[in-house]
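K.L.:
For the record, the sequence lines run as chains A and B.
So the first sequence is numbered by my numbering: it starts at 23 and just counts up by one.
So the second sequence is numbered by my numbering: it starts at 23 and just counts up by one.
To be clear, the hints were calculated from the coordinates, so they are not data collected in a lab.
Misleading hints may appear alongside valid ones.
Where chains are identical, the list cannot tell them apart; a pair therefore holds if satisfied intra-copy or between any two copies.
[To be verified] Heads up, simulated DMTMM-like pairs for lysine to aspartate or glutamate below, C-alpha to C-alpha not over 20 Å straight-line:
no., residue 1, residue 2
1, Lys46, Asp279
2, Lys211, Glu170
3, Lys211, Glu178
4, Lys201, Asp242
5, Lys201, Asp177
6, Lys46, Asp275
7, Lys42, Asp174
8, Lys119, Asp232
9, Lys119, Asp242
10, Lys46, Asp25
11, Lys119, Asp238
12, Lys42, Asp279
13, Lys201, Asp174
14, Lys201, Asp124
15, Lys119, Glu79
16, Lys211, Asp180
17, Lys201, Glu170
18, Lys42, Glu251
19, Lys46, Asp70
20, Lys42, Glu52
21, Lys42, Asp212
22, Lys201, Glu55
23, Lys42, Glu276
24, Lys211, Glu262
For reference, the chains in residue letters:
Number of protein chains: 2
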Amino acid sequence: MRDFSGDHRWLSINTATIRKSGGKDLPLTEIIEACVQRGIRAISPWRDQVAAAGLAEVSRLVRTHGLELSGYCRGGMFNAKCLVLVVGGLPGALQGKPEHKDIALSRTQVRDGIAELLDYARQVRMPLAIEPLHPMYAADRACINTMEHALDVCDELDPQRTGAIGVAVDVYHVWWDPKLRQQIERAGKDRLLAFHACDWLTPTTDLLNDRGMMGDGVIDIPRIRGWVEAQGFAGYSEVEIFSTGNWWLRPHDEVLDTVIARHMTAV
Amino acid sequence: MRDFSGDHRWLSINTATIRKSGGKDLPLTEIIEACVQRGIRAISPWRDQVAAAGLAEVSRLVRTHGLELSGYCRGGMFNAKCLVLVVGGLPGALQGKPEHKDIALSRTQVRDGIAELLDYARQVRMPLAIEPLHPMYAADRACINTMEHALDVCDELDPQRTGAIGVAVDVYHVWWDPKLRQQIERAGKDRLLAFHACDWLTPTTDLLNDRGMMGDGVIDIPRIRGWVEAQGFAGYSEVEIFSTGNWWLRPHDEVLDTVIARHMTAV
Numbered sequence: 023m024r025d026f027s028g029d030h031r032w033l034s035i036n037t038a039t040i041r042k043s044g045g046k047d048l049p050l051t052e053i054i055e056a057c058v059q060r061g062i063r064a065i066s067p068w069r070d071q072v073a074a075a076g077l078a079e080v081s082r083l084v085r086t087h088g089l090e091l092s093g094y095c096r097g098g099m100f101n102a103k104c105l106v107l108v109v110g111g112l113p114g115a116l117q118g119k120p121e122h123k124d125i126a127l128s129r130t131q132v133r134d135g136i137a138e139l140l141d142y143a144r145q146v147r148m149p150l151a152i153e154p155l156h157p158m159y160a161a162d163r164a165c166i167n168t169m170e171h172a173l174d175v176c177d178e179l180d181p182q183r184t185g186a187i188g189v190a191v192d193v194y195h196v197w198w199d200p201k202l203r204q205q206i207e208r209a210g211k212d213r214l215l216a217f218h219a220c221d222w223l224t225p226t227t228d229l230l231n232d233r234g235m236m237g238d239g240v241i242d243i244p245r246i247r248g249w250v251e252a253q254g255f256a257g258y259s260e261v262e263i264f265s266t267g268n269w270w271l272r273p274h275d276e277v278l279d280t281v282i283a284r285h286m287t288a289v
Numbered sequence: 023m024r025d026f027s028g029d030h031r032w033l034s035i036n037t038a039t040i041r042k043s044g045g046k047d048l049p050l051t052e053i054i055e056a057c058v059q060r061g062i063r064a065i066s067p068w069r070d071q072v073a074a075a076g077l078a079e080v081s082r083l084v085r086t087h088g089l090e091l092s093g094y095c096r097g098g099m100f101n102a103k104c105l106v107l108v109v110g111g112l113p114g115a116l117q118g119k120p121e122h123k124d125i126a127l128s129r130t131q132v133r134d135g136i137a138e139l140l141d142y143a144r145q146v147r148m149p150l151a152i153e154p155l156h157p158m159y160a161a162d163r164a165c166i167n168t169m170e171h172a173l174d175v176c177d178e179l180d181p182q183r184t185g186a187i188g189v190a191v192d193v194y195h196v197w198w199d200p201k202l203r204q205q206i207e208r209a210g211k212d213r214l215l216a217f218h219a220c221d222w223l224t225p226t227t228d229l230l231n232d233r234g235m236m237g238d239g240v241i242d243i244p245r246i247r248g249w250v251e252a253q254g255f256a257g258y259s260e261v262e263i264f265s266t267g268n269w270w271l272r273p274h275d276e277v278l279d280t281v282i283a284r285h286m287t288a289v
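Bound conformation, chain A alone:
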C-alpha cells in the first residue's frame, strides 16, 4: 500500500467537492486554478461545470497545467481514465414519480444498456467503470448497489477480463458491505478502475448532501485502500464530498487545504 503521508501526488479532486465556496457557485476555471496552486495533479470534473465554463476553455486549462483526469462525471469522454457509470434506478423515481416498482426489470435494462455502450467504449478505448451506489439510492439513482452485483455484470459482459469494464470503488457507497474485501479481491487489478474517498458521518442528516471529510466519520478508509492497492491499483484517490450544510458553505481554499491534509492522514 502506498504511503500517502508525505505528499499528495495521488490526490484527485472531484470538482463537486468545491462546487460551492462560501455557499456560492465556484466556476470550474477557478476550481482548476485553486487545485493547480496546491500542486494537485488530477481532477474529476462534472459535465454541468464543464458546460458552464466552456469545453474549449476547460480543455485549454487542463492541457496548460498538465492536469490528469481521474474520471469524468457523468457520461461524456474527454480524455479521462474511465467513464464512471451511475446507472440509474426506477424510471421517474428521481423526480418522485416512479413509473413502476420492478427493480429487477431496471437491472436487466441497465445490464443491456451497458452491453450496448461497451461495444462503443471498446472502439474508443474508454474503460467503463460501474460505480455501485449505496443501497439508499437504489430507487432513484442507481440500481447496482453492491460490488458483487457490479462484478457479476462485468463478468457477464466481459468474461475475458479485457479491461474494457470494471468498477469505481467509492468508500462511501461500499464501506458497510460484509463482502467488500472478498469482492475487491475478486475484482483484481484489471477491474479496479477508480477509488473515491469521503466519509460517512454519524448522524447523517441528508441522504445525498451530507458526506463527510475523510477522518470525520466511521469509514476505515486506509483499510479499504489497502485492500484495493493489494490488488495492484495505483491510480488517484479521488475526493468527492457533497456537503450543503458544511463544506460547501466554507471558502474553497479552506476545503482544499483540509482535503490535502486529510489525504495524508486519513486516507
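We have chain A; now place chain B onto it with these hints.
P.N.:
Relative to the frame of chain A, chain B by itself:
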C-alpha cells in the same frame, strides 16, 4: 400466497406506527383499544411504551382481548412469537461518538453476543429473529445489513436448523437487495420468523423517520411477500411506519384505517 384483499386477519400493527396521534404521544392502552375496535388480531409493542403504560395493565389488556404478539421491540420476551434483534453497530455511533471504525470487530462481537443469548433463548423456547437493517444504519443501529449476512450467522450458530434462530424480513430494509429472493429461499420456513411492511418513499427526506405507507413508495411488497409465503411463512404481516413528518401528525384513527385498507390492496 395468501389473499389479503378480503380481510385483515393477518395484519399486525407495530405500535410505533401510531406512537403519535395528531403529533402527540398516544398511550399504548389507547393504541390497543384502537386496534381491537378494528378487529386487528395482533400487535408488536415497543418496550418503552409498555413501561410507560405498566406491564401488568398491558398484559391484562392483551389477554382480555386475546391479542397475539407478532414480535416485541426490542429485547424482553413477553409471550411474543420471536424476539427481534436489532444488533447494534459501532459502539457510541448512535450518540455521534463512534469509539472505533472496525465494523468487522463489531460484527464478530454481535455474532458472539447472539451465540450467548441463543443458549438462554433455547431454554425458554423464544426464537431469536435477526433483523437485517438497511445498510444506511450499519454504523449506528445494526451492522447486520443483508439477509445473506444474517443467514450466515444463523447457519454458523444453528447448523441443525432447530428453529431457535432466524430472520425478520422487513421489506424496507431488504427490498433493494439483488440477492433477496435467493436468500429468502435459502432461509426457508424455519428461518423466516417475521415479516414487516412499510414502503420506501422517493424522495426519502430523513434516514430514520420518513417511512412510507404501503403503496406510497417503490417497494413491490406483494412480490416479496409472495417469495416469503412460497417458503411456507404463514404469520402476521406486521406494519411498522416511523413518520415524523406525515403519519405521526395525523389522527391515529385515520392512520389505522389507512393501514387496514392498504394491507388489503398493497401488501
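K.L.:
Are the hints correct? Go through all of them and say.
P.N.:
Each hint, compared with the structure:
1. Proximity of Lys46 to Asp279 under the C-alpha cut-off of 20 Å is restricted to the intra-copy arrangement: shortest distance 18 Å within a copy versus 47 Å between copies.
2. Taking the closest pair of Cα atoms, Lys211 and Glu170 come within 20 Å of each other only inside a single copy of the chain (16 Å); across copies the shortest separation is 26 Å, beyond that limit.
3. Taking CA atoms no more than 20 Å apart as the test, Lys211 paired with Glu178 passes inside one copy only; the shortest distance there is 18 Å, against 32 Å between copies.
4. Within a single copy, Lys201 and Asp242 get their C-alpha atoms as close as 15 Å, which meets the 20 Å cut-off; across copies the closest is 26 Å, which misses it.
5. When the C-alpha separation of Lys201 and Asp177 is checked against a cutoff of 20 Å, the pair qualifies both within a copy, at 17 Å, and between copies, at 17 Å.
6. When the C-alpha separation of Lys46 and Asp275 is checked against a cutoff of 20 Å, the pair qualifies only within one copy, where the shortest distance is 13 Å, while the shortest distance between copies is 47 Å.
7. For a Cα distance limit of 20 Å, the shortest separation of Lys42 from Asp174 qualifies neither inside one copy, at 37 Å, nor across copies, at 45 Å.
8. Taking identical chains as interchangeable, the C-alpha atoms of Lys119 and Asp232 lie at most 20 Å apart only when they sit on different chains, with a minimum of 17 Å there against 24 Å within one chain.
9. For the homomeric pair Lys119 and Asp242, the shortest alpha-carbon distance between copies (15 Å) is at most 20 Å, but the shortest distance inside one copy (36 Å) is not.
10. Proximity of Lys46 to Asp25 under the C-alpha cut-off of 20 Å is found in neither arrangement, the shortest distances being 35 Å within a copy and 55 Å between copies.
11. When the C-alpha separation of Lys119 and Asp238 is checked against a cutoff of 20 Å, the pair qualifies only between copies, where the shortest distance is 10 Å, while the shortest distance within a copy is 35 Å.
12. Taking CA atoms no more than 20 Å apart as the test, Lys42 paired with Asp279 passes inside one copy only; the shortest distance there is 15 Å, against 47 Å between copies.
13. Taking the shortest alpha-carbon separations for Lys201 and Asp174, both the intra-copy value of 14 Å and the inter-copy value of 12 Å come in at or below 20 Å.
14. For the homomeric pair Lys201 and Asp124, the shortest alpha-carbon distance between copies (14 Å) is at most 20 Å, but the shortest distance inside one copy (25 Å) is not.
15. Taking the closest pair of Cα atoms, Lys119 and Glu79 never come within 20 Å of each other, the shortest separation being 38 Å inside a single copy and 45 Å across copies.
16. For a Cα distance limit of 20 Å, the shortest separation of Lys211 from Asp180 inside one copy, 15 Å, qualifies, whereas the shortest one across copies, 38 Å, does not.
17. Within a single copy, Lys201 and Glu170 get their C-alpha atoms as close as 8 Å, and across copies as close as 10 Å, so both meet the 20 Å cut-off.
18. Taking the closest pair of Cα atoms, Lys42 and Glu251 never come within 20 Å of each other, the shortest separation being 32 Å inside a single copy and 50 Å across copies.
19. When the C-alpha separation of Lys46 and Asp70 is checked against a cutoff of 20 Å, the pair qualifies only within one copy, where the shortest distance is 16 Å, while the shortest distance between copies is 45 Å.
20. In this homomeric assembly, Lys42 and Glu52 come within 20 Å of each other (Cα to Cα) only inside a single copy, at 11 Å, whereas the closest approach across copies is 50 Å.
21. Taking the shortest alpha-carbon separations for Lys42 and Asp212, neither the intra-copy value of 35 Å nor the inter-copy value of 54 Å comes in at or below 20 Å.
22. Within a single copy, Lys201 and Glu55 get their C-alpha atoms no closer than 40 Å, and across copies no closer than 46 Å, so neither meets the 20 Å cut-off.
23. In this homomeric assembly, Lys42 and Glu276 come within 20 Å of each other (Cα to Cα) only inside a single copy, at 12 Å, whereas the closest approach across copies is 44 Å.
24. For the identical chains of this complex, Lys211 and Glu262 are neighbours neither inside a copy (22 Å) nor across copies (44 Å), given an alpha-carbon limit of 20 Å.
Consistency with the previously given hints fails for numbers 7, 10, 15, 18, 21, 22, 24, ordered from lowest to highest.
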